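A.B. asks: The lines below spell out each chain.
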Amino acid sequence: MSSSEEVAFREAWERDGPRVAAYIRRHAPTDDVPDLVAETFLQAWRRWDDVPRPPIAWLIGTARKVIGNGRRAHRRRVALQDRLALLDSAARPGEDAGLLATERMAALEALAALPHHQREALLLVAWDGLTPEEAATALGVKHGTFRVRAHRARAALGIDSSHDFPSGRVATATARPLTRGGTS
Amino acid sequence: MTQHHTSRSTSHSTSHSTLTALAPEPEPLDPAWSESTLAGILSTPRRPARPRRAPRRLVVGVAATALSLGTATAVAGGGPTDVVRDVLTQFGEQPNTTGNGMGELTDPVLVAQFDTVNGVFAIWMATSASGMVCTASSDGTWDGVGTPTKDDIGDYGCGGMIWAGPGKPPEELTRPDQLGGFFKDTPEPMVYGVSPFPGTVSVRVQGPGVDRTLPVRADSLGFGAALPEATDAAAVTLTFTDAAGNVLGTKRSVAPVG
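Chains as they are written, first to last, in the numbering used here: chain S, 21 to 204; chain G, -1 to 256.
Hints are all accurate, no fakes.
Now the stretches of chain S that chain G is said to cover, found in silico as 3 or more residues with beta-carbon under 8 Å:
1. 29 to 35
2. 38 to 49
3. 104 to 118
4. 128 to 142
5. 158 to 166
So the derived label-pair ranges between C-beta atoms look like this:
6. G:Glu170 <-> S:Ala133: 28 to 36 Å
7. S:Pro49 <-> G:Ala37: 24 to 32 Å
8. G:Pro196 <-> S:Leu104: 39 to 47 Å
9. G:Glu25 <-> S:Glu26: 19 to 27 Å
10. S:Ala126 <-> G:Gly243: 51 to 59 Å
Cβ-to-Cβ under 8 Å is the rule here; a few derived chain G residues that face chain S:
11. Ala19
12. Leu36
13. Leu40
14. Thr42
15. Val115
16. Asp137
17. Thr139
18. Thr184
19. Glu186
Read the hints as simulated data drawn from the structure, not as lab findings. On a predicted model such as this, the values are computed, not experimentally measured, just so you know. Glycine is no exception: its CB is placed at the ideal position from the N, C-alpha and C atoms.
For reference, chain G alone in the conformation it holds in the complex (with noise of 0.2 Å):
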């Protein structure tokens, strides 16, 4: 294998010299730039250090009464999915851009919010009058706890060209069970997404390293975990079960390759 690959390669081999002399040139930044930038960070207040994490089975436990909570406050009155709907409603309104026409936003409601290596990922979603759907995430700026402020929402839009899969020609994001995927992009793998079945409960998410049962949200049927496993998982494959332990469907993610 390894003569045969030597071999095959001498035509095409890229020698380590040739790859090292390619290393980019040292260059300082832009005075001005960097200057005022570093000077915009600095204003930015800094959170606190945060506290030892506790073993991953008691934080995921935390958030997920957190969120509970956030949800009901929302409701009353001020709370991440209301700061979700101004961000989305703002986005809409700002011209040129893929919320403009989206009419009425639905109530947003929460995907998934789970601990990453990097903080608490959080993507909530919501359909419009007008048929679009419409996603907000937090990565790793928001605690996860109580409100996030507008700038905590890092990511938001409606609409758009999704990646479909591997060959396949990129689709229209017009449901919200397209949402979400299989990611291997960030500093550790991560799963998210929408069952498109009613009546799901749980989803079992099963690949290289990877089997494990994740809770299905039923206000949004969304679920979603960091999969710190999955390393060396190019796809997951996504079993969609109910209340009795039925089989709704399955469903399978690879992750795209960049």
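So here's chain S without its partners, still in its complex pose (with noise of 0.2 Å):
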């Protein structure tokens, strides 16, 4: 292995690792965070020559394929507690976002009630950090596909439509320490 590209990666992993983790947060269990983060890497060491660079859009894209193997795995379907749940355990608290606690959950119950792509290509750019053609990169769909499914998702929480299409990054990554779910 050339010393470079371990040194491409480890700046990878500690850039885009929080934001990783930020992104899993809210699909899978706390305790399964650490576990999915680590294949998510591990996919992408393997492959490091064909990883494009900047690597977020991929990393995402296949952190959402790693998490869809174990939910295949189980076949169920996310219900929607539970999503609000994974919703509540990854967004900021009330406290340091500023908003009361009934506007905080009417805004995540909002979110979590939202078709699944659309809420996916809602908070990849706003949540995220994604630029809406890195998000529809880790999506797999094509950025007009994205814009309207973003679109719409703006629509049905009556966000005006000025929001639509940020142009570059609406929101910094995000991250929890890994071992908050238990690592070992």
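From these two lone chains plus the hints, build me the complex, please.
C.D. replies: See the structure below:
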């Protein structure tokens, strides 16, 4: 292995690992987050030569697939209450967000009630900090399809259409300690 | 329509600022976990860079050829199905798993193997002397040629509850034809499964943006393919036909919504 590749991978791990963890946290139980992050980056390392740079869209797309593996294994539909619990766990606490508890919960309930692909399109940009182009890549859809999904999500939430397609990133990448759920 | 929607949403609206305010705070990885996990990843051998992809049709053809060779090799002594057998047998021997009491496995067979945007997806199944249905799959970690390692088999198990469709209670997995379905929780949609009709040679997959016919394997009655054109489809209809072109039956498969 070349040291430059290892250096680049380490940088991606430190820079993007928290973002990938934050993405996974709203799709999988907390206890599973560390393993899913590790599996995502293991797949990245195995084919590091083929991973595009910057790798964040590829990493989140792969994380979706890794999460999907587990979901196919269980073949269970994630119920509304489960989705709400995951979003509640992943979102910023109300006091930090400057929101009333009722306001925060109402927003999370609205997000949880969205169709899956609309919620994904919305939060990849608003929470994960991807550009619309990166989000479309992560979802494996054309940019036009992504725009439609994001627009529908915003319309369903009553968000003004002027926020439909922000240029650049609208949120900073996120993360939580991966040992929170136990990694041993 | 827009007016109505805007009006309706007033009392339940979520502002853009509320949405972004809920974005989680950045927090670094736990240093001890991060360092040890990264070291473990970096100690894993990397695979060589892939050659540039040939057109999909060609890649599928090559994969199918490799598949035939792989199956033949397995019988002769060592191949994908032997690895799958080992993985499932070990799973059954572990305490407190759904594979306990499986008894002897019948020979695992390939259900489907196809190319996806993230690599090769392959799934095998086996039944057991006690009537269990077991599966094993590799999703992007095996290159589809030769024999996968046990580590390449990332998902495996026996029995368990499966999602049976919207509004339906989960079902116990007891038959191979319950496997699979139409999935959209992946970077691109995919369909795979096992025909419930003996003598099936092909399955036509139809839905919004999708209309293609897939071959059905003679040994497992399995089929599967990535369906990048099915992005807007919520469900597909599967029509199974025999060698004479007779329709043996149909099945509707709805993508789980997460």
